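K.L.:
Going line by line, the protein sequences match chains A and B.
All residue numbers for the first sequence refer to the numbering used here, where the first residue is 242 and numbers rise by one.
All residue numbers for the second sequence refer to the numbering used here, where the first residue is -7 and numbers rise by one.
Just so you know, the hints here were simulated from the structure itself, not pulled from any lab data.
Among these hints, one or two may not hold up.
Unchecked claim - No more than 25 angstroms apart at the CA atoms, straight line, and that leaves these computed lysine to aspartate or glutamate pairs for DMTMM-like:
| hint | chain 1 | residue 1 | chain 2 | residue 2 |
| --- | --- | --- | --- | --- |
| 1 | A | K326 | A | E578 |
| 2 | A | K493 | B | D110 |
| 3 | A | K493 | A | D447 |
| 4 | A | K301 | A | E348 |
| 5 | A | K301 | A | E578 |
| 6 | A | K474 | A | D386 |
| 7 | A | K285 | A | E320 |
| 8 | B | K51 | A | E348 |
| 9 | A | K518 | A | D447 |
| 10 | A | K422 | B | D110 |
| 11 | A | K390 | A | D449 |
| 12 | A | K489 | B | D(-6) |
| 13 | A | K350 | A | D386 |
| 14 | A | K316 | A | E348 |
| 15 | A | K415 | A | E602 |
| 16 | A | K474 | A | D406 |
| 17 | A | K474 | B | D110 |
| 18 | B | K51 | A | D406 |
Claimed, not checked - For each label pair, taking beta carbons as the anchor points, the in silico distance ranges come out as:
| hint | chain 1 | residue 1 | chain 2 | residue 2 | range |
| --- | --- | --- | --- | --- | --- |
| 19 | A | D325 | B | L93 | 47 to 53 angstroms |
| 20 | B | T330 | A | Q324 | 52 to 58 angstroms |
| 21 | B | Y154 | A | E469 | 33 to 39 angstroms |
| 22 | A | E614 | B | V142 | 17 to 23 angstroms |
| 23 | A | Q324 | B | L137 | 54 to 60 angstroms |
| 24 | B | L137 | A | Q263 | 32 to 38 angstroms |
| 25 | B | L137 | A | P292 | 18 to 24 angstroms |
What the hints assert, rightly or not - Far from chain B, some chain A residues (derived; all Cβ distances over 12 angstroms):
| hint | residue |
| --- | --- |
| 26 | D385 |
| 27 | V424 |
| 28 | E427 |
| 29 | K442 |
| 30 | E486 |
| 31 | N575 |
Just so it is clear, the structure is predicted and the values come from calculations on it, not from any experiment.
By construction, the Cβ of each residue, glycine as well, lies at the ideal position given by its N, Cα and C atoms.
Read off the chains here:
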Amino acid sequence: MYRKILLTLALTVGFAATALAQEVTIGFTMGTTGPGASLGIHYKNAFQLMPKTIGGYPVKFIMLEDKTDATEAAKNGRELITQDKVDAFMGSVAVPSTTQLAQIANELKTPLMALSPVALPPDKLEWTFVVPQSTTLMMSAVVDDMKKKGVKTVGYIGFSDSWGDLVLKAVEEKAEPAGIKIVTNERYARADTSVTGQVLKVIAADPDAVVVGGSGTGGALPHIGLVERGYRKQIYHNHGTVNREFIKVGGKSVEGAIAPTGPLIVPEELPIDNPVKKVALDFTTRYEQTFGPGSRNAFAGYSYDGFLLLDTAVPIAAKTARPGTPEFRQALRNALENVKNVVGTHGVYNMTPKDHNGLDERARVLVRVDNGEWKLLK
Amino acid sequence: MDLAIALWLCQDAVTNGAIYALIALALVVVFTVTRVIFVPQGEFISYAALSLATLQSGKVPGTIYVLIGGGILVAALDTVAVLRRKSVQPLLGSLLANIFLPVAIAAAAWWSASRPNDLILQIVVTLAIVTPLGPILYRLAFQPLADASVLVLLIIAVAVHYVLTGFGLAFFGGEGLRARMFPDLQFRIGILNISGQSIGVIITSALLMVLLALIFGRTTYGKALRATAINRIGARLVGISYEFSGRLSFALAALIGAVSGILVSPITTIYYDTGLMISLKGFIGAIIGGMTSYAVAVIGSLMVGFLESYASFLASSFKESIVFTLIIPVLLWRSLMTRRVEEEDES
């Protein structure tokens, strides 16, 4: 009799433990201080809007800070996988940090939702799924607009870091086949007090258009410099520049600036048949309710889309394995690789074993500064 | 490069060089009087620039909390020191200077935030917020270890830099700000358009340098600072308070930093961490002057300005490397030319 009761007890405890193990643990490492702080804060903010469940399972987020430092990010990545036994993890703000995380994801066989671009060849991304649009996809929109406007020569002025290289490479890749020549490659740093030298060099070359490879308010300095020195042709930016602060700093000088971005910056203006409109509008509305009017930004959307992708893949993986086990992580990876038509705030994701990003042209729009606001370029 | 471009670059070089020169002067003042290599000098620039821009957007800048918090800490330290000596006399002065003054400045900041078009008021408030931070920092971080070696003082300075940068991020956020233009004047000389901003920078810098020269040459306080710089122990023997000299030199440095910050804020975008880069360039100027010569430091800073400006035109990817490489031949030349001075004994 006693034995029977004990057995029942043991079973009950066992079931309780199983129920507990059914919880899905998601790790997150982000740089909300250091050089990436201005973007990192938005990535992290999005977690205040995340649902309590993922794919029908209760979800636990473990959030760590990496100070925009690649070494720190790598440390966090290892800690999340080996100590906290996360089922998947997300991060981080800068390319070097995220690249480190991708290597760890491969080594320790845990799926990573990369929230910024990764500087690795596709065959190294077995366990990594890149949420943001590739720089090439974004800048191809800019090059398309140039073609439409008959631009033949373009001047480039960008950050003297990996972001400046990345944007330039993307423009080069698309512009050269289109017969557009890049005539200058000037570099500056975010903290520079003056870009007069670089601006003069660009103006001396007199290109039909200029592309600025900065990010955030850092993109404003060369733009203001060009306008001050009398450059009147089109100035293009990249998706790293699209935020409210850029216009605040740039003021009247940056009127007419064109940049590519994800649709969630202008969901109100999207046509009604746009597949992303509903999700993007819903997210920006909720985000601005929490963080104030005009606080919308692309980066919070990446965090949210990373969550949505996992949300789709978790139930599929849960059919074959229990959360918290290596088998589940493997199943989750396989499920992520095959998700189809996941509508996020930035676009529609269709992953394949060859393409761990899965976004297409629907994930980008061109916006223009119009009366002190980013407006959809129609 | 044609003549027009060369002249443009020259204007840019002089404008930036003038700012670096101001920073170099502040670094030399602080170093000669207190032997501190003052890394956080740049934070005064970013604090002033960001405070001004925040005031212009009608908000109260977070720097007032640093000011009030620092003031309270100083008052607490002073109180402890006074209680140990059991005399109440200096306490009143300390409370007045460290609690009532910051609160009054904060009130002024709050008031001026509601008047976003009063540029003069905003500038005065910004100066009033940033300048007292100098003596507060000295009292909190450096005075307790005033006799430590140059290396220890440098390490403290780096720590102070990180603390202040952290506050900057917390109060102003990661994105940059830019203050609104001063009256937008343009002067045309030949083929060159000279902006009112650059003229403002150059004139203000020159005035400040003359003012410093007058302070050091003519006033008792200035002479006391010079005496401390020449011989600390000797100065103490003739009754010059070392602590007072320290605070005064830090106040000067903070004032110079605040003025530089206000000057650059309409020219460029300032971030919470921009100050370090500007002060490093001023530092190269100061190094060229051997950290002791004001005149050579100014010339050195102008050299940095020119080098930077022309390098940014000719080889922008390598601009920073070119500017900072300048320090190698300078150090080489200095170490060959000057006889070696032993680090003074730690007592």
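K.L.:
Run every hint past the structure and note whether it holds.
P.N.:
Evaluated hints:
no. : hint                                   : result
1   : K326(A) to E578(A)                     : holds (21 angstroms)
2   : K493(A) to D110(B)                     : holds (21 angstroms)
3   : K493(A) to D447(A)                     : holds (22 angstroms)
4   : K301(A) to E348(A)                     : holds (23 angstroms)
5   : K301(A) to E578(A)                     : holds (23 angstroms)
6   : K474(A) to D386(A)                     : holds (14 angstroms)
7   : K285(A) to E320(A)                     : holds (19 angstroms)
8   : K51(B) to E348(A)                      : violated (49 angstroms)
9   : K518(A) to D447(A)                     : violated (39 angstroms)
10  : K422(A) to D110(B)                     : violated (48 angstroms)
11  : K390(A) to D449(A)                     : holds (10 angstroms)
12  : K489(A) to D(-6)(B)                    : violated (35 angstroms)
13  : K350(A) to D386(A)                     : violated (41 angstroms)
14  : K316(A) to E348(A)                     : holds (13 angstroms)
15  : K415(A) to E602(A)                     : holds (14 angstroms)
16  : K474(A) to D406(A)                     : holds (23 angstroms)
17  : K474(A) to D110(B)                     : violated (35 angstroms)
18  : K51(B) to D406(A)                      : violated (37 angstroms)
19  : D325(A) to L93(B): 47 to 53 angstroms  : holds (49 angstroms)
20  : T330(B) to Q324(A): 52 to 58 angstroms : holds (55 angstroms)
21  : Y154(B) to E469(A): 33 to 39 angstroms : holds (35 angstroms)
22  : E614(A) to V142(B): 17 to 23 angstroms : violated (53 angstroms)
23  : Q324(A) to L137(B): 54 to 60 angstroms : violated (39 angstroms)
24  : L137(B) to Q263(A): 32 to 38 angstroms : violated (57 angstroms)
25  : L137(B) to P292(A): 18 to 24 angstroms : violated (53 angstroms)
26  : D385                                   : holds (28 angstroms)
27  : V424                                   : holds (14 angstroms)
28  : E427                                   : violated (5 angstroms)
29  : K442                                   : violated (6 angstroms)
30  : E486                                   : violated (4 angstroms)
31  : N575                                   : holds (37 angstroms)
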